[in-house]
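Trainee: One-letter residues, chain by chain:
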Amino acid sequence: MAARGCGGVWRRARQCGAGLPGPGPGPFPCGQRAVACNKRGGAVPAGKSGVAPWIPVVGLEIHAQISSNSKLFSGSQVQFAAPPNSLVSFFDASLPGTLPVLNRRCVEAAVMTGLALNCSINKKSLFDRKHYFYADLPAGYQITQQRVPIAVNGSLSYSLCIDNKMSQMVTKTVRIKQIQLEQDSGKSLHDDTRCQTLVDLNRAGVGLMEVVMEPDMCCGEEAAAAVRELQLILQTLGSSQAVMAEGQLRVDANVSVHHPGEPYGVRTEVKNINSIRFLAKAVDYEIQRQIEELENGGTILNETRAFDSKLGCTVPMRDKEGKQDYRFMPEPNLPPLILYDTKSLPANMNHQQVINIDWIQERLPDLPSVKREKLVEQYGILPEHSFTLLNEDGLAEFFESVVKQTQMKPKKVIGWILNDLLSYLKQHSLTVKESPVSSFLLADLLNLLEKKEISSTAAKQVLAELWKGEGKTPLEIVKEQKLELLQDQKELEQICQAVIDGQENEVIMMVLG
Amino acid sequence: KTGFTLKVSAALKEGRVTPTELCQRCLALIKSTKFLNAYITVAEETALKQAEESEERYRRGQPLGILDGIPIAVKDNFNTAGIETTCASNMLKGYISPYNATVVQKLLDHGAVLLGKTNLDEFAMGSGSTDGVFGPVRNPWSYSKQHKEKSVPKSHSEDEKSGWVITGGSSGGSAAAVSSFTCFAALGSDTGGSTRNPAAHCGVVGLKPTYGLISRHGLIPLVNSMDVPGILTRCVDDAAVLLGSLAGHDPKDSTTIQDDFKPFELPNLTDMSKLSVGIPKEYHAPGLSSEILALWSKAADLFKNAGAKVVEVSLPHTRYSIVCYHVLCTAEVASNMARFDGLEYGHRSDMKDSTESMYAATRREGFNDVVRGRILSGNYFLLKQNYEKYFVKAQKVRRLIANDFVKVFRSGVDILLTPTTLSDAAPYMEFIQEDNRTRSAQDDILTQAANMAGLPAINVPTALSERGLPVGLQFIGRSFQEKQLLTVAKWFEKQVQFPVIQLEEVKRHDSGVFQHQKSAAFS
Chain D
1 MAARGCGGVW RRARQCGAGL PGPGPGPFPC GQRAVACNKR GGAVPAGKSG
51 VAPWIPVVGL EIHAQISSNS KLFSGSQVQF AAPPNSLVSF FDASLPGTLP
101 VLNRRCVEAA VMTGLALNCS INKKSLFDRK HYFYADLPAG YQITQQRVPI
151 AVNGSLSYSL CIDNKMSQMV TKTVRIKQIQ LEQDSGKSLH DDTRCQTLVD
201 LNRAGVGLME VVMEPDMCCG EEAAAAVREL QLILQTLGSS QAVMAEGQLR
251 VDANVSVHHP GEPYGVRTEV KNINSIRFLA KAVDYEIQRQ IEELENGGTI
301 LNETRAFDSK LGCTVPMRDK EGKQDYRFMP EPNLPPLILY DTKSLPANMN
351 HQQVINIDWI QERLPDLPSV KREKLVEQYG ILPEHSFTLL NEDGLAEFFE
401 SVVKQTQMKP KKVIGWILND LLSYLKQHSL TVKESPVSSF LLADLLNLLE
451 KKEISSTAAK QVLAELWKGE GKTPLEIVKE QKLELLQDQK ELEQICQAVI
501 DGQENEVIMM VLG
Chain P
1 KTGFTLKVSA ALKEGRVTPT ELCQRCLALI KSTKFLNAYI TVAEETALKQ
51 AEESEERYRR GQPLGILDGI PIAVKDNFNT AGIETTCASN MLKGYISPYN
101 ATVVQKLLDH GAVLLGKTNL DEFAMGSGST DGVFGPVRNP WSYSKQHKEK
151 SVPKSHSEDE KSGWVITGGS SGGSAAAVSS FTCFAALGSD TGGSTRNPAA
201 HCGVVGLKPT YGLISRHGLI PLVNSMDVPG ILTRCVDDAA VLLGSLAGHD
251 PKDSTTIQDD FKPFELPNLT DMSKLSVGIP KEYHAPGLSS EILALWSKAA
301 DLFKNAGAKV VEVSLPHTRY SIVCYHVLCT AEVASNMARF DGLEYGHRSD
351 MKDSTESMYA ATRREGFNDV VRGRILSGNY FLLKQNYEKY FVKAQKVRRL
401 IANDFVKVFR SGVDILLTPT TLSDAAPYME FIQEDNRTRS AQDDILTQAA
451 NMAGLPAINV PTALSERGLP VGLQFIGRSF QEKQLLTVAK WFEKQVQFPV
501 IQLEEVKRHD SGVFQHQKSA AFS
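First to last, the sequence lines map onto chains D and P. Counting with full-length UniProt numbering, you get residues 1 to 513 for the letters of the first sequence. Counting with full-length UniProt numbering, you get residues 1 to 523 for the letters of the second sequence.
These are computed hints drawn from the structure, not numbers from a lab. The structure presented is a predicted model; accordingly, all values stated were derived computationally and were not measured. Incorrect hints may appear among the rest.
[To be verified] Straight-line alpha carbon distances no greater than 25 Å define the calculated PhoX-like cross-link-like pairs of lysine-lysine that follow:
(1) P:389 with D:323
(2) P:384 with D:124
(3) P:393 with D:130
(4) D:187 with P:352
(5) D:323 with P:384
(6) P:396 with D:123
Extracted from the complex, chain D is given alone in its bound form:
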């Protein structure tokens, strides 16, 4: 629990321009902002300015859309970018008299996620109504789990690099307060010129898992690393596709700063963050803004701010009605959600009607941390390489497939994967799946290299040719371009002789020195 309570300390003097630098390369956006995170977690004395150091506190609320064919309480399909209002059941449009029916798949996804995040799963959880009027919330309330959520008290370990060095990775832990099931809202489109609002209810009622993280982080870098790890876990479980750009993973950050030994400062909530890179930027900007505000004698308002990715800063959101009272109330149309484990499973229960936590636990796939350990252990690669392999969707599988088909040692293969394949894909904005060079072709090429039939310089040349995707095999390219290494002594001598033969004068000059 290295990061518990968070001891990262920021000082203004060192942080000029924080939030501005671009992201570094590599698996995490390891920009220079990482400097700000204090890896030992202790307070740093005040800088030259004489100002007492600041301790930033960052907590996250993450909404992950559950990957499911149908919505949380209705049979409507879930699909991204479908024609507006084409996926709306009577319940989703809150027609009078309709009732919610809980989707089993969504419950299982939440249990899986809870288990993967070391939560205790509540065998009895409850649903509540949270009331507010908004055009894309047709019922006037959202069904959520305010009182007793499905999972509580978990933790998430994540790693990040210190000082932008891949070789210096530290592992931190953030506590998970709870995971709750809730409905997504629809979408409103405001047409200011025509003075109208258009509502699309396709998303209304889609199942969400809200993951609430305790304020155990202290900078954008940590927040970004934690979210990236969560994203990988969700994708591994299949409980959410967790694509931020498609809104399947939405992150709100709670940020405050205080001096050591003092209570936490007033926090702001930063919304509208739609990528992990922007999360780091938004958090760091907000920390910096608060410090500046306080040092200039100002105060921090308990407000909601939006991150403007173009300007790289946070701006206050227009708060329509000030503090809302959500008038929570138990959802009367849903009985308590009861889950079982093998011990408590009633003998005469229809198995289709119950959810067994133990059964789900036994079927959890390897989580990213375990996968990484296995990769390091099995192939002898560096831990930081295992991070890179898992960070790109399908890259670890690609690597393992190449290793299987080649005699080259995995330690050498990883270099080709990370330095050549990955950088090429990045340059051309391609996913691993879209790679023009299959694992089979790459293995073929590496085998030629390993058998010393070509030099590594030639291998790069062949690879460059392979990227064109013209369907040639590495061997064909080698032959075409005559890139083979010569293994026949006589042949080599003949070539040399031929070179020398036509150049008698030069030979003489050389011999004479």
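Position chain P against the provided structure of chain D, taking the given hints into account.
Mentor: Okay, now just chain P, sitting in the frame of chain D:
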């Protein structure tokens, strides 16, 4: 075999009457009793079509069951595909639902003919069927020979124009429809007594089944945790038939029980010695009329004399049920009504300044004072600072009320016998002197606790009052013990021989009274 439904069903089977004839007869009666204002929508065309289809099934010798071809009416807070569903509110005037409530679908699947939608208090909030946007419902007994003979008109014109009595509510339209023979059975809803109360005032059987036995899917909710579809019929046997076709798990309503429901026929109770009837002393409530009190004790004697054990029992927390109900009801109302914002369906105000002002104007124009009042108080109770003090406390009191029943039933009592209402039906002019909230508090007092506890309860018409108006008694049974409840109710029904309404004078009032109805509408 007994019961009107069974008799008619037999007649249909034997071809003595056809479903179309039956339907036409009912439609004609609806027209001639239009002044009762029992129906909001009469679905003449679809009803005749359904009757025709039923007729075809009988012709082929393949009727769908007892209910095939039987004309029924449905309270206008159940969704009916293609037929307007208004809740007697401006908010839903003209609203045509795209789907059928599960109970409506089940009736149609059994071949029943849906005549129309019956009148009610707006969104079922009331105990008189006087507070709907389509005007008050008139109690058919106002025009009965029995009442006419007993009532002493103060002045001739007053009696003619405003001497009529209310039906009770909120399912007054359904009760009046059954009572005036315009249909064989009707669906109501019961949240605090809304089926039993008008049943008592209109002299019909009103059954509120156990919460969770019948699907609420498609019933526009008042209080989700207490609402139950109610059954109004002319006799207890008919109620059992209806229950048999409606009860059972519905995948669309997660609060219905999973267990299978087996429809039953009611036996004739012969051995009363094993029956223990509880008389809850707290139902001797302030305001209980002396004639109902006398009737109640006469009924208890009836059981005693037949060999049953009759014991006084105590339900000490019942007296808190109304105040507790007020908090829980308004809180859920505030929540349930939030969806009526004018965006997706229903009334939408022309106010275009902003979304918020459109919401506000829509809701102000769409809801009556009663609904708006309940929304306001409900939101007050749900405020963060009030939630513990009101809502949570009310939930605790509700548990105490429910536990009272559990204790009494655990002590060996099979069934409770109580009055259904404090008195017979009040004249409309008298009734509207008090506001809706005061009236509901008085009128639900004897029926409300059964909703708090989710228990099955039934009104059985018992006798006529001194004014020649119906008075009923209530039986409250154990959870999911509808068969026992109805069996006892049937025995009682047989003993009391409640008189048939004599409506010869209906036609005389037909034109004159109907015209008056518009001016009497609640404003």
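Trainee: Decide, hint by hint, whether the structure agrees.
Mentor: How the hints compare with the structure:
{"no.": "1", "hint": "P:389 with D:323", "verdict": "holds (21 Å)"}
{"no.": "2", "hint": "P:384 with D:124", "verdict": "holds (24 Å)"}
{"no.": "3", "hint": "P:393 with D:130", "verdict": "holds (20 Å)"}
{"no.": "4", "hint": "D:187 with P:352", "verdict": "holds (20 Å)"}
{"no.": "5", "hint": "D:323 with P:384", "verdict": "holds (12 Å)"}
{"no.": "6", "hint": "P:396 with D:123", "verdict": "holds (23 Å)"}
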